[in-house]
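Undergrad: Each chain, written out:
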Amino acid sequence: MRYDVAIVGGGVVGCALAYALTRYQLNTLLIEKACDVGFGTSKANSGVIHGGHHSRAGTLRGDLEWAGNRQWLLLCRDLGIGFRQVGELMLALSDADVPVLEEYKRQGDARGVPGLTLWDRQQVRDDTPSITEDMVAALYAPTTAVINPYEACFALFDHARANGLRVALDHAVTGIAAVQDSWVVQTQGGDFEADFVLNAAGLYADEVAAMAGVGTFDIHPRKGEELLLDKRLEGIVRHIIFPCPTPISKGILVIPTLDGTIMIGPSAQEVTAKDEVTTTMEGGSEVFAGAQRLVPGIQMRDCIAEFAGLRAIADGDDFIIGTTVAHGFVNVAGIQSPGLTAAPAIAERVCAILRDEGLALRPKTTFVSLPAVRARFAGLTTEEQARLSAQDARYSHIICRCEGISEREIIDAIRAGGNTLDGIKFRTRAGMGRCQGAFCAWRCMALLAQERQTPLHTLTKRGGGSWLVCARPEEPS
Amino acid sequence: MTSTITTYLCIGCPLGCRLEVEEEDAQIVAVRGFSCKRGEEYALQEHTDPRRMVTTTVAITNGRWARLPVKTTAAVPKEHERAVYAALRSVVMRAPIRLGDVVVGNIRGLGVDVVATRDMSEGDGV
Amino acid sequence: MISDKPHHLRQQYDVVVTGAGPAGMAAAIGASEAGAAHVLIIDREREAGGILQQCIHQGFGMHHFGEELTGPEYAQRFLAQVEAHGIDIITDTFVDVARSDKTLKLMSAHEGVRVISAGAVVLATGARERTRGAIRLPGTRPSGIYTAGVAQRFVNMLGCLPGTRAVILGSGDIGLIMARRLALEGVEVVGVYEIMPHPNGLNRNIVHCLHDFDIPLHLSTTVVEVHGRDRLESVTVAPVDDQRVPIMAQAAQIPCDTLLLAIGLIPERELADGLRLRMDTVTGGPLVSSTMETSQDGIYACGNGVHIHDLVDFVTQESLLAGHSAGDSLFGRRPPVDNVRMIPGENVVSCVPHTISTDREHTVYLRVRRALDKCAIRFGEIYEKKLRYVFPAETVTVRLTPRFLARFPGGALRIDILPRQGARGDEEAA
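Protein chains in written order, with my numbering: chain C, 1 to 477; chain S, 1 to 126; chain R, 1 to 430.
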């Protein structure tokens, strides 16, 4: 089979590309080295859809931030996933910060971002009493929103698959060869031929580009550590709270996530290794201190999990999106912040590039929409829950007691491709709550084992060597 | 004449007294370090005839869970403890089981039975 | 055979108990004994018994039954009593929310989604284990890091093992018991690490679980980092100074594929939070009166959902009281309102119940901050009692009788635990 387009990388960008391309009459392939999509940088993203005023004009990051923001609003509705426009407060903690707020307001106003308003100290205090007394003013941006980055990945991916996307998971790319007028993407699991290759390989985009002979840039991993806090703190902030940004980072944010938890972070640390996702005492303390500077009521004992992710920073500090001297090989690289926000706009831009490169984009007459994944059982009214339970009793059998996830939702996640404990967790939230899977992990494992007709000891946390349990020695393994 | 001192950690209470048993020519000549009568008794028992209750699980097919908890009906000499565990490794029971059902009678000839410590109804094992 | 199959569920119960562990079963029995005709216990596990079902070791029941039982035996004795009292019990059922009007929303495969109401509610929700996030353990996020209770479930009920070479963090009884369990099942147990300078479990478990199996216990030492991309590959351990700060110069990396966290329990609080009960920030559970009533009328609480108990026997005792009180409340039998507030003072971390009355006898449970040998507990000016020792890991249980309480006019009663004159302090005892 010769594909029209092969996408290398199944992060949110790769998934957005897949979703966009499967609207057209094309044979599209997604190649991903991990066992699931969204398991790299996207999984650790904090889920902020930036307001549109954060990135400098004249950069791809700036141009695509606002466009992406507007597209997510509609996209989330189409995908049936959560999107909450919580708004943002960027705090000035000293008088010296106020001109920075004004600069961000001008930047957003110029781009047409609506509603940017400078608030004085009292307005902020009235709105969110938990914010530090040291704050002197804030810039309010109503357009900032939160989504669940992994939920977005899965929804984009599932829709794309339902519309003909072919998928090669667990296929690390080992080489890319030009053959006459097409490309052969070599992987551990076999070769794939495609007219166009989209390099959405995230942290490894420089290496993939080099394989195609166009290694003109390097990707530098920049680690961010984040702390997830207990739901007990739900409501402590209504908006995402930003400090005044610095050149290297947007600073430590306090984020009311889509699911009612509070996330704080991320830190920003240059690292060398592309798999260096360790959390550190220093990083965690920095995040905590940064968050407490904005919202002093946050307590370290409310931390339920710490994790880290890597931003893919390209040389030049901007996105690298476009054709290369190798015809048909298109970079979608260096997608750092605001990459999640920009992802749909990036996909749109890449479609335009492909059209310019001669790929015929003929819309399909029918596009399959999937039922909303966001209709989570726990979030429904009692009447709706009773109705669903009458249809399928597994809806009222609760497996994850922290997040209220039902057996039916777990089974749906498994049938949608959740092959691992993390695959179930990131599709359903089972295991993300305060008990961190103590109640539900074995239950999810038992359901997965039953669905796949396999013993518990064959299951993994996230593929590869991440086995969960072993068989007793007297039993055959 | 040989004199040996063996020490034990008293398990009677959180004080955890360091107990000493002194022997001369295999005869106990002194017990020291206890701060209550129970401590002294424990030191002598642990020195002359240490015993352990064995609690573990055995495999069960057709049960609600994959393992059935069991125990010995009395403490067994400590030196036989591991052998009792080893002997139970190959045991496979079948549900239904009732609390007190004998899993292995007179295990390893020690004069104690291994019995089930709960009812186990039939089920799918997980 | 004891059956815990669901009975036909009524719409209205006299007393509904959430949780069928030792606390819930005792509370239900207490309510029934007090005269409640229709009592229901609800549990989200597939069977009654709570955590006792996976605690297959001995050590339960000395106080209550006068003999040593295993966890499942203790559970089954209570289950038989529950049956004998005609108490309804439904398992595999999740209490989504309990409300102040004493209605409860339930979900289960067999009952669907429904709301029932009660004359009184007893929260017997038990505890959950502290997780990695609670102790801020840096490093990667590989598989192979489990709380001890999860590992216990794997080994004792599900018939699989958590790994092949394990490090255990925390020397509480759960950690010690699991060290022996794993060793017996052929898992190599590298050692038990305890950040405190003293073990947190019973000496009996130190001897029977560690010494008997040559498993080392490293005091004043903790795990400071975990390594491994997919599966846990090693942990870094380091001794700590007297401020519990790791001394990294003496850190060592220990290969292992499994880390068990036995780092403490905290009361489950979802239902209490939903009810907006007033909570004790130290115990993590609701504030309770001398009848185990929470800050809301007719809502009672007991067991590890209120504070963490050392012995299930004490859970039983406290929960019988909660159940009796809940049952009594249905008939308007309410003792005089509490007129004494318990105030933790010197070397007292927490005290349950939080209020008592001067007219009758009460059992109070205290936790101390630091160990003392030969000390005394003082309740304000009214009562002083000598204690041989106190340890942070062991609850101090004191019975207060009206003989002493009658002298007290009411109000705040401060509790101090102080060294006796001439007695040795912590350092010397250690």
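Some hints could be false.
Claimed, not checked - The following label-pair restraints were derived from C-beta to C-beta distances: (1) S:Gly109 x C:Glu474: 20 to 28 angstroms; (2) S:Lys78 x R:Leu387: 31 to 39 angstroms; (3) C:Met1 x S:Pro96: 53 to 61 angstroms; (4) C:Met1 x R:Asp273: 49 to 57 angstroms; (5) C:Ala352 x R:Ala251: 53 to 61 angstroms; (6) S:Ile28 x R:Leu387: 29 to 37 angstroms; (7) C:Ala210 x R:Asp273: 39 to 47 angstroms; (8) C:Glu270 x R:Asp242: 51 to 59 angstroms; (9) R:Asp273 x C:Glu474: 39 to 47 angstroms; (10) S:Pro96 x R:Phe331: 38 to 46 angstroms; (11) R:Leu387 x C:Arg301: 26 to 34 angstroms.
What the hints assert, rightly or not - Quick look at which bits of chain S chain R covers, simulated, 3 or more residues with Cβ under 8 angstroms: (12) 2-12; (13) 19-33; (14) 49-55; (15) 112-126.
Think of the hints as simulated: they come from the structure by calculation, not from any bench.
For glycine and all other residues, C-beta sits at the position ideal for the given N, C-alpha and C.
Undergrad: Each of the hints needs a verdict: does it hold here or not?
TA: Now for the hints, and whether the structure bears them out:
1. S:Gly109 x C:Glu474: 20 to 28 angstroms: holds, 23 angstroms
2. S:Lys78 x R:Leu387: 31 to 39 angstroms: Between Lys78 of chain S and Leu387 of chain R, where Cβ atoms are some 33 angstroms apart, the hint holds.
3. C:Met1 x S:Pro96: 53 to 61 angstroms: holds, 55 angstroms
4. C:Met1 x R:Asp273: 49 to 57 angstroms: holds, 55 angstroms
5. C:Ala352 x R:Ala251: 53 to 61 angstroms: holds, 54 angstroms
6. S:Ile28 x R:Leu387: 29 to 37 angstroms: Holds: the Cβ-Cβ distance is about 33 angstroms, inside 29 to 37 angstroms.
7. C:Ala210 x R:Asp273: 39 to 47 angstroms: violated, 53 angstroms
8. C:Glu270 x R:Asp242: 51 to 59 angstroms: Once the Cβ atoms are compared, 36 angstroms apart, the range 51 to 59 angstroms for Asp242 of chain R and Glu270 of chain C is violated.
9. R:Asp273 x C:Glu474: 39 to 47 angstroms: At 45 angstroms between Cβs, range holds.
10. S:Pro96 x R:Phe331: 38 to 46 angstroms: holds, 41 angstroms
11. R:Leu387 x C:Arg301: 26 to 34 angstroms: holds, 30 angstroms
12. 2-12: holds (count 5)
13. 19-33: violated (count 0)
14. 49-55: holds (count 3)
15. 112-126: holds (count 6)
Hint violations for this structure: numbers 7, 8 and 13, all remaining hints satisfied.
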